[in-house]
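Chains as they are written, first to last, in the numbering used here: chain A, 25 to 326; chain B, 643 to 870.
Think of the hints as simulated: they come from the structure by calculation, not from any bench. Bear in mind that the values here come from a model prediction, so they are computed numbers and not experimental data. C-beta: ideal position from N, C-alpha, C; glycine also. Keep in mind that the hints are not guaranteed to be accurate.
[Unchecked claim] Residues on chain A that point at chain B, a partial pick, calculated with CB under 7 Å:
hint : residue
1    : GLY202
2    : GLU229
3    : ILE236
[What the hints assert, rightly or not] Using 20 Å as the maximum straight-line C-alpha spacing, the simulated SDA-like pairs for lysine to any residue come out as follows:
hint : chain 1 : residue 1 : chain 2 : residue 2
4    : B       : LYS734    : B       : LEU690
5    : B       : LYS714    : A       : ARG244
6    : B       : LYS843    : A       : LYS234
7    : A       : LYS234    : B       : PHE730
8    : A       : LYS227    : B       : GLY783
9    : A       : LYS234    : B       : ARG713
10   : B       : LYS692    : A       : ASP240
11   : B       : LYS712    : B       : PHE727
12   : B       : LYS718    : B       : PRO761
13   : B       : LYS734    : A       : ALA231
14   : B       : LYS862    : B       : LYS714
15   : B       : LYS718    : A       : ALA42
16   : A       : LYS227    : B       : LYS820
17   : B       : LYS820    : B       : VAL844
18   : A       : LYS234    : B       : GLY783
19   : B       : LYS714    : A       : ALA231
20   : B       : LYS734    : A       : GLY202
Each chain is listed here by its residues.
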Amino acid sequence: MRINTFFYSVKQGFKNIARNKMFSLASMATMAACIFMFGIFYIIITNFNAEVQKIEEGVSVTVFFDKGLPESDILSIGEEIGKRVEVSRIEYVSAEDAWNDYKEIYFEGKEELAAGFAGDNPLANSANYQIYLNDVSMQSSLVTYLESLPGVREVKQSELVANTLSDFNKLVGYISGGIILILLCVAVFLISNTVTVGISVRKEEIAIMKLIGAADYLVRAPFVVEGVLIGLMGAAIPLVLLYFLYQRIIVYIADKFNFIGSMLEFIPAHTVFRTLIPVGIFLGVGIGFLGSRLTIRKHLKV
Amino acid sequence: MIKLEHVSKSYSAGIPALNDVSLEIEDGEFVFIVGDSGSGKSTMIKLLLKELDPTDGEITIGGKNLGRIKRKQIPKFRRGIGVVFQDFRLLKDRNVYENVAFAQKVIGEPNSHIRKKVPIMLSMVGLAAKYRSYPKELSGGEQQRVAIARALINEPSILLADEPTGNLDNNNAWEIMKLLEEINAKGTTVIVVTHNLEIVKVMKKRVITVKKGTIVSDSKQGGYDDED
Ligand SMILES: Nc1ncnc2c1ncn2[C@@H]1O[C@H](COP(=O)(O)OP(=O)(O)O)[C@@H](O)[C@H]1O
Ligand SMILES: [Mg+2]
């Protein structure tokens with residue numbers, strides 16, 4: 025396409041939108057609603073994922089050993105466990121460590137009571153490993169493995185937390201995916217209608233262009249430009265809006281509910297939008313392109 | 643050269659709009675096509691533009707068989723043919739200059755080229771002074787001149803005119819015909835479909851008469867034979 029015809033197409037695309045204001049606005053608004061919803065879900069999911077990851081890092085499996093198992097055996101088992109891929113970190117808590125921790129918490133200020141146990145550790149068999157995972161979903165397979173190890177007395181896990189977290193995340197994903205899909209279909213439909221109206225408005229011009237010998241792509245291009253512009257605007261507006269809203273909201277929530285603020289840390293806006301903006305723009309432009317391209321094929325036969 | 647060999651065209655099952663038409667038109671000729679309405683004249687024009695394909699027979703223009711032209715090549719093929727109609731078909735939201743320039747823009751001519759060429763073409767059709775007028779501000783004759791300028795700006799070797807004077811009074815009709823004759827004198831093949839038998843008689847050009855889809859007379863050397 026020559027530069028001249030390129031500008032011609034872009035100009036005509038703008039003109040199409042101007043001549044066809046109501047339909048263009050309606051499609052733009054739907055597109056904007058689409059991308060807005062997409063943005064909200066994206067923000068929720070990424071924040072939630074970050075939270076899950078933080079919790080996952082804290083979720084551990086504790087392994088206790090048979091009575092009287094020598095510490096050297098325990099240490100060699102620990103080495104084996106540490107080699108597994110799903111294990112991110114493993115901490116050894118010896119019987120003395122366990123007793124010291126216990127004393128600190130329960131005999132605080134009454135150290136003389138604890139002194140009575142000197143030389144006779146009541147938690148003699150509580151040497152254990154705290155195992156942290158890379159991925160919570162691997163927890164149950166790890167537990168099965170640990171239970172099969174000789175010398176292991178008990179494996180304690182926080183199964184509920186792990187499963188609930190990943191299930192909830194999946195659910196949010198499915199629901200948002202479904203809603204976005206429906207909205208996208210509506211957007212494609214509306215853009216298609218807009219382009220159909222545009223084509224009927226410009227019927228004369230198209231007929232003349234064809235008689236003069238305009239290349240097919242040039243007959244098509246203004247409508248493709250129209251669709252792409254609608255998509256672009258429909259994406260840009262909600263993305264800008266979301267950016268400012270997000271910045272406000274995270275400050276507001278941290279302020280008003282600082283008890284949540286301490287538990288829940290939001291991802292900074294620029295991190296979220298570094299991905300959200302290109303993806304949103306791509307979606308908008310892609311749908312605009314697709315909607316107009318399919319319609320042109322149907323009505324123009326070029 | 644334009645050559646039709648046993649060309650027939652049926653729109654649907656029934657009487658064909660054109661039935662076994664054969665004719666030859668040399669380069670640089672001026673030809674009138676006359677006939678009652680519904681006799682198939684516009685169908686012939688559409689076949690020459692490859693807006694329609696014949697049901698039977700072959701059409702060759704400048705050595706090119708129209709049946710062998712691929713869809714993608716149609717735009718390029720049409721650039722060699724200018725066409726005007728009874729209803730002018732100008733773009734109402736664009737002025738005279740823009741209407742003519744449009745034809746150059748859509749084939750990708752550079753702006754610098756367009757700016758030079760459009761005024762020359764407008765003065766040739768006698769509209770240089772009205773280049774900023776919109777179609778609704780022009781008389782029928784003037785609108786047809788704009789349409790002719792648009793048809794010629796890409797320098798086609800053939801100009802097709804389907805009842806170009808059908809909406810014009812006698813004076814304007816004559817002016818348009820004179821203009822078409824001038825264009826023909828410069829070497830363009832001109833084919834004019836018309837109802838205006840008075841003009842046809844006076845101009846002494848080749849006249850092809852069509853009746854119910856067939857050629858009933860082809861008087862090579864001027865004059866129109868209207869015994870009925
Ligand atoms: N698109 C069409 N569909 C069906 N029939 C048509 C169509 N165009 C023309 N016809 C028929 O073909 C015949 C020739 O039409 P046309 O070529 O327009 O005649 P003319 O231009 O000589 O008046 C007429 O009977 C007309 O009704
Ligand atoms: Mg006709």
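Verification of the hints:
1. A cut of 7 Å between beta carbons decides the hint on GLY202 (chain A): the least distance to chain B is about 41 Å, and the hint is violated.
2. About 6 Å separates the beta-carbon of GLU229 (chain A) from the nearest beta-carbon of chain B, less than 7 Å, and the hint is met.
3. Because the closest C-beta pair between ILE236 (chain A) and chain B is about 5 Å apart, less than 7 Å, the hint holds.
4. At most 20 Å may separate the alpha-carbon atoms for a hinted pair to count; LYS734 (chain B) and LEU690 (chain B) exceed this at roughly 27 Å.
5. About 14 Å separates the Cα atoms of LYS714 (chain B) and ARG244 (chain A), which keeps this hinted pair within 20 Å; it holds.
6. At most 20 Å may separate the alpha-carbon atoms for a hinted pair to count; LYS843 (chain B) and LYS234 (chain A) exceed this at roughly 34 Å.
7. With a CA separation close to 15 Å, the supplied pair LYS234 (chain A) and PHE730 (chain B) stays within the 20 Å bound.
8. About 24 Å separates the Cα atoms of LYS227 (chain A) and GLY783 (chain B), which puts this hinted pair outside 20 Å; it is violated.
9. For the given pair, LYS234 (chain A) sits about 12 Å from ARG713 (chain B) by alpha-carbon distance, which is consistent with the 20 Å threshold.
10. Of the supplied pair hints, the one linking LYS692 (chain B) and ASP240 (chain A) holds, its CA atoms being roughly 15 Å apart against a limit of 20 Å.
11. Between the alpha carbons of LYS712 (chain B) and PHE727 (chain B) the distance comes to roughly 26 Å, so the proposed pair goes past 20 Å and is violated.
12. At most 20 Å may separate the alpha-carbon atoms for a hinted pair to count; LYS718 (chain B) and PRO761 (chain B) exceed this at roughly 24 Å.
13. The suggested pairing of LYS734 (chain B) with ALA231 (chain A) holds, with an alpha-carbon distance near 14 Å, which does not exceed 20 Å.
14. With a C-alpha separation of about 36 Å, the suggested pair LYS862 (chain B) and LYS714 (chain B) falls outside the 20 Å cut-off, and the hint is violated.
15. Distance hint between LYS718 (chain B) and ALA42 (chain A) is unfulfilled; the C-alpha atoms sit about 31 Å from each other, more than 20 Å.
16. A C-alpha spacing of about 32 Å is found between LYS227 (chain A) and LYS820 (chain B), which places the hinted pair above 20 Å, so the restraint is violated.
17. For the suggested pair LYS820 (chain B) and VAL844 (chain B), the alpha carbons sit about 12 Å apart, so the restraint of at most 20 Å is met.
18. This hinted pair does not check out: LYS234 (chain A) and GLY783 (chain B) have alpha carbons roughly 24 Å apart, beyond 20 Å.
19. Restraint check for LYS714 (chain B) and ALA231 (chain A): the C-alpha separation of about 16 Å stays at or below 20 Å, so the hint holds.
20. Of the pairs offered as hints, the one joining LYS734 (chain B) and GLY202 (chain A) is violated, with about 46 Å between alpha carbons and a cut-off of 20 Å exceeded.
Checked against the numbered hints above, the structure violates hints 1, 4, 6, 8, 11, 12, 14, 15, 16, 18, 20; every other hint is satisfied.
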